[in-house]
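Listed here are the chains, written in short residue letters.
Number of protein chains: 2
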Amino acid sequence: MSEILSNTIGTIKPPDKEAAAKAQARQDQLTKPRGSLGRLEELSVKVAGITGKELPRIERKAIVIIAGDHGVVAEGVSAYPREVTAQMVHNFLRGGAAINVLARHIGARIVVVDMGIAAEFEPHPSLVSRKIAPGTHNMAKGPAMSKEQALRAVESGIEVINGEVSGGLDIVGVGDMGIGNTTPSSAICAAITGEPVGRVTGKGTGVSDEQLALKVKVIEAALALNRPDPEDAIDVLSKVGGFEIGGIAGVILGAAARRLPVVIDGFIAGAAALIASELCPRVKDYLIAAHVSAEVGHQTILDYLGLRPLLDLGMRLGEGTGAALAISIVEAAVKTLAGMTTFADAGVSEKLN
Amino acid sequence: MSEILSNTIGTIKPPDKEAAAKAQARQDQLTKPRGSLGRLEELSVKVAGITGKELPRIERKAIVIIAGDHGVVAEGVSAYPREVTAQMVHNFLRGGAAINVLARHIGARIVVVDMGIAAEFEPHPSLVSRKIAPGTHNMAKGPAMSKEQALRAVESGIEVINGEVSGGLDIVGVGDMGIGNTTPSSAICAAITGEPVGRVTGKGTGVSDEQLALKVKVIEAALALNRPDPEDAIDVLSKVGGFEIGGIAGVILGAAARRLPVVIDGFIAGAAALIASELCPRVKDYLIAAHVSAEVGHQTILDYLGLRPLLDLGMRLGEGTGAALAISIVEAAVKTLAGMTTFADAGVSEKLN
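Read top to bottom, the protein sequences are chains F and C. Numbered as in our numbering, the first sequence ends at 353 without a single skipped number. Numbered as in our numbering, the second sequence ends at 353 without a single skipped number.
Derived by calculation from the structure, the hints in this document are not laboratory data. Please note that a few of the clues may not be correct.
Restricting the straight-line Cα-Cα distance to at most 25 Å, the calculated cross-link-like pairs of lysine-lysine (DSS-like) are [to be verified]:
{"#": "1", "chain 1": "F", "residue 1": "K203", "chain 2": "C", "residue 2": "K351"}
{"#": "2", "chain 1": "F", "residue 1": "K351", "chain 2": "C", "residue 2": "K203"}
{"#": "3", "chain 1": "C", "residue 1": "K13", "chain 2": "C", "residue 2": "K351"}
{"#": "4", "chain 1": "F", "residue 1": "K284", "chain 2": "F", "residue 2": "K13"}
{"#": "5", "chain 1": "F", "residue 1": "K217", "chain 2": "F", "residue 2": "K141"}
{"#": "6", "chain 1": "F", "residue 1": "K131", "chain 2": "F", "residue 2": "K147"}
{"#": "7", "chain 1": "C", "residue 1": "K351", "chain 2": "F", "residue 2": "K217"}
{"#": "8", "chain 1": "C", "residue 1": "K284", "chain 2": "C", "residue 2": "K22"}
{"#": "9", "chain 1": "C", "residue 1": "K284", "chain 2": "C", "residue 2": "K17"}
{"#": "10", "chain 1": "F", "residue 1": "K203", "chain 2": "F", "residue 2": "K217"}
{"#": "11", "chain 1": "C", "residue 1": "K217", "chain 2": "F", "residue 2": "K351"}
{"#": "12", "chain 1": "C", "residue 1": "K335", "chain 2": "F", "residue 2": "K335"}
{"#": "13", "chain 1": "C", "residue 1": "K284", "chain 2": "C", "residue 2": "K147"}
{"#": "14", "chain 1": "F", "residue 1": "K351", "chain 2": "F", "residue 2": "K335"}
{"#": "15", "chain 1": "F", "residue 1": "K217", "chain 2": "F", "residue 2": "K17"}
Here the structure is a predicted model, which is why all the values come from computation and not from measurement.
Kindly produce the complete structure, drawing on both the sequences and the hints.
Quick look at the structure:
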């Protein structure tokens, strides 16, 4: 393990119980029946523990979208051609994609990272270039990447979030772009959770039933060929992962090390969270699950991580779109803590018994 | 039925299918796999149909909170003393309640309506005075109100929303404040849906198991004594309802007549939606269910109305708090329709087959 990765993991501490307890005590004084804001109360307490602040603020928000291409699309596992990855990144940079609309809606900035797109980009102020290679190798024929590349992807994610934190950041949502990337995500999910491939593999952007059957076979074959070691997350990432998945895992680890709440988007970000939590189980305390995706397998990941999603809106787009909606709810939760008056201050009578 | 009520009901038309179809066609052209934004797509199409606009806008938002007191609290059915209704209304006017925080978060204005609080208020720019009486009668001893008062409550709600529409409004959320008002809401739910009282009665703001058993008995006795006619919503409202519940029903009807989407909050707003939909079944097409409350019985109401809630966050506060969070999601949905680029405009390749 490299120095930046081991330092980052070593910096991740348990949440601050005292700050969380103070936030809970304050929630119990606010003008509402105790517990009546449900998960908003839990979220505000969780963010207090994560940040170590009794009254956390969520003002500076970012969605980090990491993009990469996948050699395995040569097997016919995706409904869209590979060039859509680069086309959609251009769409992000021009502001016309769903995540642009939703990030504007919640007042978040977008950080687009090229971690391995199979196309060259002109420099752009919103594009961070961290290209490891122009797409992974086809995992059906051998490892998707080398161990060095896998480590570099995770480290690059850490560096990206460190850069964003120095620019000012209170919460981060992580999203993905990469045609074909439900395939490595299902492979990672099967390898780490031990679930059968068929139970954690879905239709992604919308393949046919026949393509789905093929996709399952391709993943099963890739796992049999590459034999990822479930005890070694970097091995799993290198053999059946993707550059953007490694990058997202790095963002998650780096954010936790900086005591930032991390809102994980859907299935691909979930697979990255599996990698991150295998590298550092403590990171789970810093995760907020945005939503449960319509993609089969996502619930398995959430269960494995012990996370309950905030939203269930049948979304399956990625890009951080679910994370954007969820960040707004986390922000609302934190605002109740700071913005509501207490029973005493408002002169409101408390419960009768 | 009065003229304003029958005119309002007569004005409620089915949603505009053509606008909805155009919105759906546009969603299918936007740069994402078809259907991948899940319920956001459905919501945007629904709002297009409601408003009759292919590209609806949600900019001017209001939460209408209607408050009233309840004679039935004399039976010991609530965890909080009756004066909390007025105290919380003062809290709303000072900006310190949960709904103030959440309305500010989503950029909505708040309209607080006194439809029957058992206290006098000084004039306040944010308080609309529509007091019908200082609280209902105790429904355990006789009808909660006269039929004239029930009609007046519904009409007053229509007048309130008409006033708000002329000030400019794109969406309205409806919420309640009234200590004791889960009791009439459960009674309305049982009377209209035919479910047993015990299955639609919960702990409200947090009564004990013993109080819950008492609450069920009080409601059963009130229904046996007053015999509301389930075929006559005004009869149900007058015998076992509340002024704020009638007012919210009026806001719902008036909003539908003006082609506004109405986001209904929790259990009490749901009971009001039952009254409104019995008066005019077509109103259901204008309703968006914000969330499923932790209060037992709310799911029964949603099922009866054929509505799927957007959120499930364990909330049970009322005030329109769930509606506020949901309005932000509806706004996000509508923004995707107008703000995203199409495949053609973005030069993104479409699906392979």
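Against the structure, the hints come out as follows:
no., hint, verdict
1, F:K203 x C:K351, "13 Å, holds"
2, F:K351 x C:K203, "13 Å, holds"
3, C:K13 x C:K351, "38 Å, violated"
4, F:K284 x F:K13, "11 Å, holds"
5, F:K217 x F:K141, "13 Å, holds"
6, F:K131 x F:K147, "16 Å, holds"
7, C:K351 x F:K217, "22 Å, holds"
8, C:K284 x C:K22, "22 Å, holds"
9, C:K284 x C:K17, "15 Å, holds"
10, F:K203 x F:K217, "14 Å, holds"
11, C:K217 x F:K351, "22 Å, holds"
12, C:K335 x F:K335, "24 Å, holds"
13, C:K284 x C:K147, "24 Å, holds"
14, F:K351 x F:K335, "24 Å, holds"
15, F:K217 x F:K17, "46 Å, violated"
Violated hints, in rising order: 3 and 15; the structure is consistent with all others.
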